[in-house]
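Student: Once you have looked at the hints, place chain B on chain A.
2 protein chains.
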Amino acid sequence: MKTQSGIDLSSYRSEGFIGRYQRLIKDTVIPYQYSVLCDKAKGAEKSHVIQNFINAAKAVRGEDVGDGFYGMVFQDSDAAKWIEAAAYSLHRFPDKDLEVTVDGLIDIIANAQDEDGYLDTYFTVKDKDKRWKNLLEGHELYCSGHMMEAACAYYEATGKRKLLDVMLKNAAHIYDVFIKQAHEGCPGHPEVELGLMKMYRLTGDKKCLELAEHFINTRGTDPDFFRRERASRDWTVWENNAEDNSYQQSGVPLRQAENATGHAVRAVYLYTAMADLSSQNSDRELFEACRRLWNSITRKQMYITGGIGSTVLGEAFSVDYDLPSDTAYAETCASIGLMFFASRMLENEVRGEYADVMETAFYNTVLAGMQLDGKRFFYVNPLEVVPGISGVSPTHRHDLPERPQWYACACCPPNVARLISSLGKYAYGENGDTAFCHLFAGGSVKFRNGMSFTCKTAYPYGFDVTYDIKKGGRLAVRIPAWSGTYGVKLCGKEISPEIKDGYCYIDVADGDTVALTLDGSPRFAYASTKIPQLSGKTAVCRGPLVYCFEGADNGGDVLSISLVGGGKISAGEYDEALLCGTTKLTVQALRRTAGDSLYSFTAPDTAECEAVAVPYYTWGNRGVNQMRVWMDEKDSPIVRK
Amino acid sequence: MKTQSGIDLSSYRSEGFIGRYQRLIKDTVIPYQYSVLCDKAKGAEKSHVIQNFINAAKAVRGEDVGDGFYGMVFQDSDAAKWIEAAAYSLHRFPDKDLEVTVDGLIDIIANAQDEDGYLDTYFTVKDKDKRWKNLLEGHELYCSGHMMEAACAYYEATGKRKLLDVMLKNAAHIYDVFIKQAHEGCPGHPEVELGLMKMYRLTGDKKCLELAEHFINTRGTDPDFFRRERASRDWTVWENNAEDNSYQQSGVPLRQAENATGHAVRAVYLYTAMADLSSQNSDRELFEACRRLWNSITRKQMYITGGIGSTVLGEAFSVDYDLPSDTAYAETCASIGLMFFASRMLENEVRGEYADVMETAFYNTVLAGMQLDGKRFFYVNPLEVVPGISGVSPTHRHDLPERPQWYACACCPPNVARLISSLGKYAYGENGDTAFCHLFAGGSVKFRNGMSFTCKTAYPYGFDVTYDIKKGGRLAVRIPAWSGTYGVKLCGKEISPEIKDGYCYIDVADGDTVALTLDGSPRFAYASTKIPQLSGKTAVCRGPLVYCFEGADNGGDVLSISLVGGGKISAGEYDEALLCGTTKLTVQALRRTAGDSLYSFTAPDTAECEAVAVPYYTWGNRGVNQMRVWMDEKDSPIVRK
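If you read the protein sequences in the order shown, they are chains A and B.
Once you know that position 425 of the first sequence is 425 in the working numbering, the rest is easy, because the numbers rise by one and skip nothing.
The working numbering runs 1000 ahead of the 1-based position in the second sequence.
Please keep in mind that the hints were generated in silico from the structure rather than gathered at the bench.
Check the hints yourself; a few may be wrong.
To be verified - Here are the simulated distance ranges between beta carbons: (1) A:Gly572 - B:Thr1593: 27 to 37 Å; (2) B:Lys1040 - A:Asn217: 53 to 63 Å; (3) A:Pro223 - B:Asp1039: 30 to 40 Å.
Note that the structure is a prediction, hence the values are computed from the model and not measured.
Glycine included, each C-beta is placed from N, C-alpha and C at the ideal position.
Excised from the complex, chain A in its bound form:
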């Protein structure tokens, strides 16, 4: 089963949980982020990104560049990701004012493009002679990739070609440089590869495909490239280690790669493009490499929350089974990239494990990246926070106990916005006559193959999912691996549909109703004993949600709580007023009474208690307090009687 692809976004009208999030992006996040781009958001770090484009346009015209360039070398990408998010949002929430704003920004961007098609404000403003001379750190191709994604998204949403034409011209320029003139090397930060694939799929432009193939097929074939490039110039943008091929995934030809290594966002953006290309070209060898990399991530290097890249040093994958909770990096963008990778793997082969991971990453790390009001963001997603240590201890400075407003390096907030507003593409897919339901996302959906239905569900807090079929065909619904039991009814009658690789396949006719019931019972999770930090501990989950224990629900102290192994665990009523609507879990637990001394030879007093958990994605929304996902587990004398 292959080459099934995401639906047109305009054909998914979200409701329910996903609907609320998409509305939040539209009402709060997109306007707020635009005000940041314009440097009009109070208290946010300076962006200057729009002014960078304006100043670059002056440089293109040979004029004085005013206050020049400000920000990270990849500042342009903030604008690109914002346009992309806005474009996705326009499908669900048409908005002429927003379109006018985007059109204006696109005009500004178009003016910043050089005559030859080059587009990057950092080098255009600062020094044109340095173009393409620092692929390691320069991020020119990275910024192009993001703008290509934006161009595709905006064209799909509005039919307006201006940015698409700008980026086709940009792609042609890159083609000239890297293919015709055979400029050597590949991007330090992968991203353009997946942007080029999107451009190719949308426009059929062969240069885009050829360029994506070029960057993927040559990467790692010359492990000395970045060192040579570094030696050839006497300047840097930021001091990146040119010889750390592991960091930039450039040490071995990608088709031979065995392990996911290095900067986690770079890795998953690259692997996404590899999977995209392998499905496009039915390239089995490339797909096998993707599968090895997928397994390396999801079977040895992933948090239970779908977080990846466990170490702050290089924002990177560490070694297998090194998954500390307290010093975790687990960047929001990396989990978004993991969703990209998962969705492209699904286009190669429909297997539940890809969608399972996609769902885990979405409902836990990605959503945790944003405050419930859409106004503050986490870049780093630890699985344990202890005020006084987190954000303060030298080794925990990156693990903040509360979300900051905006970052100087603002990759995560707009990434969350574009992911959520395009969720339909991840939730639904199709392949010939089959409609795929990868995620349980309420609302109405139409497929290119003619099928359509309305999905009704209170997911992730309700576990009944109903599909009211308007136009029938073949329906493929994922049965999540976490669901110990499940039931399927067709028009009220229990059926036992064919299950293949985690999906159940049902032929449906117009007017049918398919009702899926998943296992909504809370459950304990256990980690491999190969993970030193987690061996012997337990976590609690319900549906796709990993739960956590916060001080707010537990008398201010979760460190002294142990869960009773195999003890009682129960879900409360859904509380609309709590944390934008959630369900707490209550778990049988024991609390140790702490003495004053660091160490003692007397067993601490232990009392029975109930520990209360909330979904991980909601943590840090009630002020600074302790938070812990993985809990000590003790057997209980009461349970054992």
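Tutor: Just chain B now, kept in the frame of chain A:
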């Protein structure tokens, strides 16, 4: 009770466990380390320290400096610490050949002293004009301090004054610079203060006392000093952050200090000198500061092994209760410095807690710093090691699973050597008519007050300690806080002596025998629930020894083992052949069977087992394997029936 001081080393003739270690230092460590100093040790990092002195002597004579200076800015101190260790060893093991070697080295060192008394090979060889212009990083005073300690030790051991005269001249030079010429500032790395105090106590030289007072009383009164000093020069030795007053304990006047901060070795060397000065001058205010700093370390920032300075970043104290096992720094030298500090606190007031900590640091972290054969050394002492992660993961690079031979920065190995060979000074003390037994160290001891006895014990593996009194008086023996029960017999008859602040006081006559019986039963230890990494875990101890679980005794895998809370724990027979003589502990435990997946929703199979522990100081002597001090603790269904 105050101003009790360590005995003359020549009056302690060690036997038993301490005797073996002192012999190992004499037979193996001192010769090996000398071969390193001469660059004749195969496989060790280059030292060049003796050649540095030879080359500095050339510079003093105005000759070409040959191959110049090599090594760390504080390379001189390696020679100093070696002389000091050799000197202490000579008390126990007179050795004319060793004396000839030391004399030769002292001649070389003396030749490197400038006419004005300045002594530091780095600046003498490299650039005399830079003297005293980089107190932050230059380590001139640090090297002087160590050479002062060496000079005192060698004079005490042999009566030879040459190095003492060199260092008195050096002290006079420092006095000229910092007192007469009022050169501002204090040393970036404290050490000279305690060296000066030793010089003063030995020689009565008032300049030494005045200098120590000067550096202690002025430190921190001008928190801007290091920044100004940095701004005044256009060169660095290594790039130290001049504005990090916390790192170099220079942010507040020391008398006002509340918390132990920064580089742990710097901290405890400084606090040692403060405590030394407060006892010398009966300076109550200074002593109160020492007490606050002592409590800050031992009640909030110390590992159960007596390790301190938990973070690799700055080799420093972190924040309270941040005591990770796996990424611990816990430098060997810092625990040695903690013993110094404890011993000086005992000179201010006799309280068991000082000696308890001193004992814990010695028997666990300090001894762990050296391989049992005396040939390899740990700088860093983690409480958990997992091959594949430790020493490999970016955040665990410093936590090595086996001891290296010699370090470029070789502070720890010679520090271990001088500590062990001078152990008598820490074990025994006196005050007027009272002989203090702080540590249980077998062998014969004579006190200046005329008392003498022979201590017989198999400690730390036997818990009977007998004192055969030759010359009587008042005996004060510590009762360790860990000893739940104890008994004292005087000439075979049970007595209930006065106990004050952790010591029992007994009047003894010539020919008496005092027999102390301590609690040798193995015991569980528990950590405060304020320590996130340790809450809910348990460790096992016996006597002063913290135990650890190594793969070698536990089927290669300790991560899957949980101890049964309050379960059976038993000590085996003392095994002379094992790890240079040790006793294993066996603990009732459970082993989880690991599945292949990272996470699972099925409770892992758990089977009863026996976990075997060995003393922490012996770990890593049987090849690379897992090691863990703090274990998960589960209640057992069997125990609870």
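Student: Tell me, which hint numbers fail for this structure?
Tutor: Of the numbered hints, all hold.
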